[in-house]
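Residue numbers (this note's numbering), protein chains in the order written: chain A, 12 to 326; chain B, 13 to 321; chain C, 269 to 664.
Wrong hints could be hidden among the right ones.
[What the hints assert, rightly or not] One-sided and incomplete, this derived list gives chain A residues near chain C with beta-carbon spacing under 10 Å:
hint : residue
1    : I42
2    : K160
3    : D246
[Claimed, not checked] When the alpha-carbon atoms are kept at most 27 Å apart in a straight line, the in silico DSS-like pairs for lysine-lysine are as follows:
hint : chain 1 : residue 1 : chain 2 : residue 2
4    : C       : K328      : C       : K550
5    : A       : K285      : C       : K335
6    : B       : K157      : C       : K659
7    : B       : K157      : A       : K315
[As the list claims (entries may be wrong)] Some chain A residues close to chain B (C-beta under 8 Å, calculated; not the full set):
hint : residue
8    : L30
9    : S36
10   : L124
11   : T161
12   : G295
Derived by calculation from the structure, the hints in this document are not laboratory data.
Ideal placement from N, C-alpha and C gives every residue a C-beta, glycine not left out.
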Amino acid sequence: MGQMKRYAPLAILGLLAILPLVGLSTYALHILIMVIMWSVIGMAWNLLGGYCGQVSFGHAAFFGVGAYTAGIVYSKGGASAWWGMPLSIVFVSAFAMVIGFICLRLRGPFFALATLAIGVILRVTAENLTGLTDGDLGIMIRERTWVEKTWYFYVILILAAITFYLVKKVIESRLGYYFVAVREDQDAAESLGINTTLYKTIALCLSAVFTGLAGAFYTNYMGYIDPKVVFALHDISIVTIMIVMIGGVATFWGPVIGSVIMVLLAEVIRSIPKLGAAHHTFFGILLIVIIIFLPNGIMGDMPKLRRILRMGKSS
Amino acid sequence: MSSPQLEVLLQTLISGLLLGGLYALIGIGMTLIMGVMKIINLAHGELMMVAMYIAYGLFTLFHLDPYLAVFIAAPALFILGVLLQKFLINPVLKVDSILPENQVILTVGIGMVLANLATVFFTSDYRSTPVDYATKAWYLSDFWKSSPIELSLSYAWSMSFLIAVAITIALWFFLARTDTGKSIRATAQDNDAALLMGVNVGKMRVITFGLGSALVGAAGCLFIPIYYLYPDLGGQFTLIAFVITILGGLGSTVGAIIGGLILGVFESLTATYVGMGWAPVGRFVIFVAALIFIPGGVVSLLRRQKWGK
Amino acid sequence: MRRFTFCLAVIFLVSLFSSTLFAADTFNLVIPLPLTGKQAKFGEMQKRSYEMAVEEINAKGGVKKKKIVLSFEDSGAKPETARAIVEKLIDVKKQPIIVGEYTSACAKAVAAVAEERKTPYLVVASADDNITQQNYKYVFRQNAVNAHYSDGVLDFLKKVVKPQTIAILYESSAFGTSGADAMVKDAGKLGMKILLKEKYEAGSVDFKPILSKVKAAQPDVIYMVSYVMDASLLMKQIKELRIDAKLFAGGAAGFAIPEFIDNAKDAADYVISATLWTPQVKFAGAKEYAEKYKAKYKDYPSYHGASAYSAMYVLKDTLERAKDWTQDRIRDSLKATDMKTAFGPIRFEDKEGYQNQNFMDTLVLQVQKGEFETIWPQQYASKKYIYPIPKWRERK
Numbered sequence: 012m013g014q015m016k017r018y019a020p021l022a023i024l025g026l027l028a029i030l031p032l033v034g035l036s037t038y039a040l041h042i043l044i045m046v047i048m049w050s051v052i053g054m055a056w057n058l059l060g061g062y063c064g065q066v067s068f069g070h071a072a073f074f075g076v077g078a079y080t081a082g083i084v085y086s087k088g089g090a091s092a093w094w095g096m097p098l099s100i101v102f103v104s105a106f107a108m109v110i111g112f113i114c115l116r117l118r119g120p121f122f123a124l125a126t127l128a129i130g131v132i133l134r135v136t137a138e139n140l141t142g143l144t145d146g147d148l149g150i151m152i153r154e155r156t157w158v159e160k161t162w163y164f165y166v167i168l169i170l171a172a173i174t175f176y177l178v179k180k181v182i183e184s185r186l187g188y189y190f191v192a193v194r195e196d197q198d199a200a201e202s203l204g205i206n207t208t209l210y211k212t213i214a215l216c217l218s219a220v221f222t223g224l225a226g227a228f229y230t231n232y233m234g235y236i237d238p239k240v241v242f243a244l245h246d247i248s249i250v251t252i253m254i255v256m257i258g259g260v261a262t263f264w265g266p267v268i269g270s271v272i273m274v275l276l277a278e279v280i281r282s283i284p285k286l287g288a289a290h291h292t293f294f295g296i297l298l299i300v301i302i303i304f305l306p307n308g309i310m311g312d313m314p315k316l317r318r319i320l321r322m323g324k325s326s
Numbered sequence: 013m014s015s016p017q018l019e020v021l022l023q024t025l026i027s028g029l030l031l032g033g034l035y036a037l038i039g040i041g042m043t044l045i046m047g048v049m050k051i052i053n054l055a056h057g058e059l060m061m062v063a064m065y066i067a068y069g070l071f072t073l074f075h076l077d078p079y080l081a082v083f084i085a086a087p088a089l090f091i092l093g094v095l096l097q098k099f100l101i102n103p104v105l106k107v108d109s110i111l112p113e114n115q116v117i118l119t120v121g122i123g124m125v126l127a128n129l130a131t132v133f134f135t136s137d138y139r140s141t142p143v144d145y146a147t148k149a150w151y152l153s154d155f156w157k158s159s160p161i162e163l164s165l166s167y168a169w170s171m172s173f174l175i176a177v178a179i180t181i182a183l184w185f186f187l188a189r190t191d192t193g194k195s196i197r198a199t200a201q202d203n204d205a206a207l208l209m210g211v212n213v214g215k216m217r218v219i220t221f222g223l224g225s226a227l228v229g230a231a232g233c234l235f236i237p238i239y240y241l242y243p244d245l246g247g248q249f250t251l252i253a254f255v256i257t258i259l260g261g262l263g264s265t266v267g268a269i270i271g272g273l274i275l276g277v278f279e280s281l282t283a284t285y286v287g288m289g290w291a292p293v294g295r296f297v298i299f300v301a302a303l304i305f306i307p308g309g310v311v312s313l314l315r316r317q318k319w320g321k
Numbered sequence: 269m270r271r272f273t274f275c276l277a278v279i280f281l282v283s284l285f286s287s288t289l290f291a292a293d294t295f296n297l298v299i300p301l302p303l304t305g306k307q308a309k310f311g312e313m314q315k316r317s318y319e320m321a322v323e324e325i326n327a328k329g330g331v332k333k334k335k336i337v338l339s340f341e342d343s344g345a346k347p348e349t350a351r352a353i354v355e356k357l358i359d360v361k362k363q364p365i366i367v368g369e370y371t372s373a374c375a376k377a378v379a380a381v382a383e384e385r386k387t388p389y390l391v392v393a394s395a396d397d398n399i400t401q402q403n404y405k406y407v408f409r410q411n412a413v414n415a416h417y418s419d420g421v422l423d424f425l426k427k428v429v430k431p432q433t434i435a436i437l438y439e440s441s442a443f444g445t446s447g448a449d450a451m452v453k454d455a456g457k458l459g460m461k462i463l464l465k466e467k468y469e470a471g472s473v474d475f476k477p478i479l480s481k482v483k484a485a486q487p488d489v490i491y492m493v494s495y496v497m498d499a500s501l502l503m504k505q506i507k508e509l510r511i512d513a514k515l516f517a518g519g520a521a522g523f524a525i526p527e528f529i530d531n532a533k534d535a536a537d538y539v540i541s542a543t544l545w546t547p548q549v550k551f552a553g554a555k556e557y558a559e560k561y562k563a564k565y566k567d568y569p570s571y572h573g574a575s576a577y578s579a580m581y582v583l584k585d586t587l588e589r590a591k592d593w594t595q596d597r598i599r600d601s602l603k604a605t606d607m608k609t610a611f612g613p614i615r616f617e618d619k620e621g622y623q624n625q626n627f628m629d630t631l632v633l634q635v636q637k638g639e640f641e642t643i644w645p646q647q648y649a650s651k652k653y654i655y656p657i658p659k660w661r662e663r664k
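The following block holds chain A by itself, in its conformation from the complex (with noise of 0.2 Å):
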């Protein structure tokens, strides 16, 4: 069992990289490839949500900083949108570093409302530096690299190994158990001679950066960003939120689970025909009842999953 579990990310790694190989029409992939970028992000918040407690809502803010990295080498440096992933890192970084210093200092949920801030101050700061970003008008990637889907899945899929195997390896290090024991109770872990305000912003960085290297591939592969859409609140801050509190809060395969049912199932509900517009309807009260039987998300309250089935199957 423990042989199995040790192998199961690579197994699975493995099975998800032959998949372009077996003919998937491009429409899997790119649902495929979504799954897979939010993994990254839901990864990269529970790092600092999940196993440190500092519950973000303005994730947006480093997706649409990275995004715009990529954007503007593009559009005002002449060079190809790919520079945009290496070069996010360092002003993601740097990014995350300033909101730190500003936001770390704030606990619970005025930790969350300032990063919400955040996120909404970066979008109308983005919307009016025209000179910069073009302001609503956003940027367009004139010609996207491959037409084929193919080698976007791979770079995608590459990025969320890298992602998994860092926090798995953080979380497994010394720094996993601060984080967690800053996470539990900031008071004591300061007491004990924990440095709080080092270790949370080590999180937050990390956290940063994956999100803002998901942000960059999203304007390499979408070829179109504007400020209301990568710095967009509801739709990348509270979705990321989603995934990994459904998925399961500080596990590694919760926002796995949870961006394939954020994604792939909002998906597949949307496209039942006879639901027209009511689909939000059907899918916020999935959300709900998850969320009232399964407060952990699913990968956290898997025991009470699997005796809520067992019963099923039984009765």
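Given chain A, work out where chains B and C should sit, using these hints.
Same frame as chain A, but now just chains B and C:
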């Protein structure tokens, strides 16, 4: 300062104050809920939207004035709030989970369902209650013939403002003078202590959520004569409510009023002197500044001066 | 865990394959549209219009004896969802032509996919200029580009109003920004001085601060670009502040929908707006469509609906002329389109740096006694324009 400049400044201040009064009423509902229950309610704006549809329905069916609709929409929202709290929010709050913020999903889900049901039942058409006093106003030059500047004061805006103030005063008396009100304040200040003092904290939470919903419902009725309505309008008002709550101080009615007024005036001034495109930035910059520099909100500053309640 | 994964996989596969059922005597057309979210109003109007047109086409025997089966998917105005829908249509459903979407952001995402997959895409109501400036071969646009939306208004200003100064207010979106930028350029050509150019966040409650600034600047013309109901709030508050410009002009969208008059009431009087179409234009079929729509949904449609309605006739015409229904043949056939519709004559031309763009006369309407009347260009006018307009104080 030349007279046109003075006119711009005064008109800006007037509209800022009127706007602030309405903002305050949205914020009070949120500050009560956040103060007592320590939850982030992302469905706040959607509750307001529901009340606006009630007011709209009453107007189109019975030609009931939106201001009178307050008396129907607010109680209806109270019931809705109580039901939501009892059957959805409480079960989630009771369970011990790793992150207490998992209630966020719940309120997002509730918001999604409410907004979508509105789309299904009312379509996404823009609605409004075209009352005939909507664009009428008092003008300074009507009272003072030789006035060098012209200022206007809208009927509808002033009416909304006055009702908002009246509701706030009534609420203040309720919280300060009645037993239930005192229990709510006690719960907001210290949950455990209140429990030890024999306050039925569970019941207070239900009442608070109902009350918060009723207040934002009333705000919806006051907004509809000067604004318009469509299913997706909730989000921006939720954000405004957050800003006021933090600016004023969690759980403080007085704070919310001051916070609302500050926000209204500040936004109007940014719109005039910096540019309206930047106004939301101004809103959130003071929000973050308030979070960091006056963590207890404006009301904590007042308390230091022994003014606040 | 395993059972759960299995369930998900099954749902996924079923959703992929169930939709591919194809009946030979029908032509299935799925249209992506925003049916939820802030733009849902326009999505819905277009949906109704598509349905009306298809009903008529099918009643007359369909396309090459095939009935068109219409369905819609909600993109929620999110580019990645719009893209997902279109990927599905092209790849899984093998739909040879894409029609629809509304917001410019979504249209750009869809256009990029359509071009890459060499599938013709007919843009129906997205205004942002650069959608048809990308050297795309497969992207066609039926509505005018935003830079030309105000042509009619400008002509009216030049010939009738002759203003010296202008103030521009616009909402912060691709539509608002490009509309305002176009006006800045054109104002220069007419020799108008721009006193103010201010942006606002769509959905704002209070415009009075910015309007009192406009009042102090005393422009001859106030030009406003707004998607939605900001238009009526702006006019209501202009009335309240009694700002007496020589003319109030709107740049289509929010000023050209019936809700503008419903909400702004008498504050809307004498306001002119650019538009691409009005119910009174003398194009064959326009009036019938407008009346039919009104009978069914109580209000006149705006140009968004008319464009959607006519798009189905363009589609029918294209499919009938195409030798077979492969993507490239349909593309060539679409390129050769030259027909008259309820939306006006439609031809897709390459000029002024645009590709496959339909150029059309834009109209000007004016609110007179609570109704939209077409006033400019004169050959389309349903009523004579009213100018100069009375001052607020003198109105009843």
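Structure-based check of all given hints:
With 10 Å as the threshold, the beta carbon of I42 (chain A) comes within range of chain C, its nearest partner Cβ sitting at about 6 Å, so the hint holds. Annotation: K160 (chain A) was flagged as interfacial toward chain C, and the flag holds, the nearest CB pair being 9 Å apart, inside 10 Å. At a threshold of 10 Å, the smallest CB-CB gap from D246 (chain A) to chain C is about 6 Å, leaving the interface hint in force. Restraint check for K328 (chain C) and K550 (chain C): satisfied, since their Cα atoms lie roughly 23 Å apart, inside the 27 Å limit.
With a C-alpha separation of about 20 Å, the suggested pairing of K285 (chain A) with K335 (chain C) holds against the 27 Å cut-off. Of the pairs offered as hints, the one joining K157 (chain B) and K659 (chain C) holds, with about 18 Å between alpha carbons and a cut-off of 27 Å not exceeded. Between K157 (chain B) and K315 (chain A) the CA atoms are separated by roughly 77 Å; this puts the pair beyond 27 Å, and the hint is violated. Annotation: interface hint on L30 (chain A) violated; nearest CB of chain B at approximately 30 Å, more than 8 Å.
Interface hint at S36 (chain A): violated, since its Cβ lies 29 Å from the closest Cβ of chain B, which is beyond the 8 Å cut-off. Hint on L124 (chain A) holds. Least Cβ distance to chain B is approximately 6 Å, under the 8 Å limit. Residue-level restraint check for T161 (chain A) is violated (minimum Cβ-Cβ distance to chain B is 34 Å; threshold 8 Å). The interface hint given for G295 (chain A) holds, since its Cβ lies 4 Å from the closest Cβ of chain B, which is under the 8 Å cut-off.
The structure shown violates the earlier hints numbered 7, 8, 9, 11.
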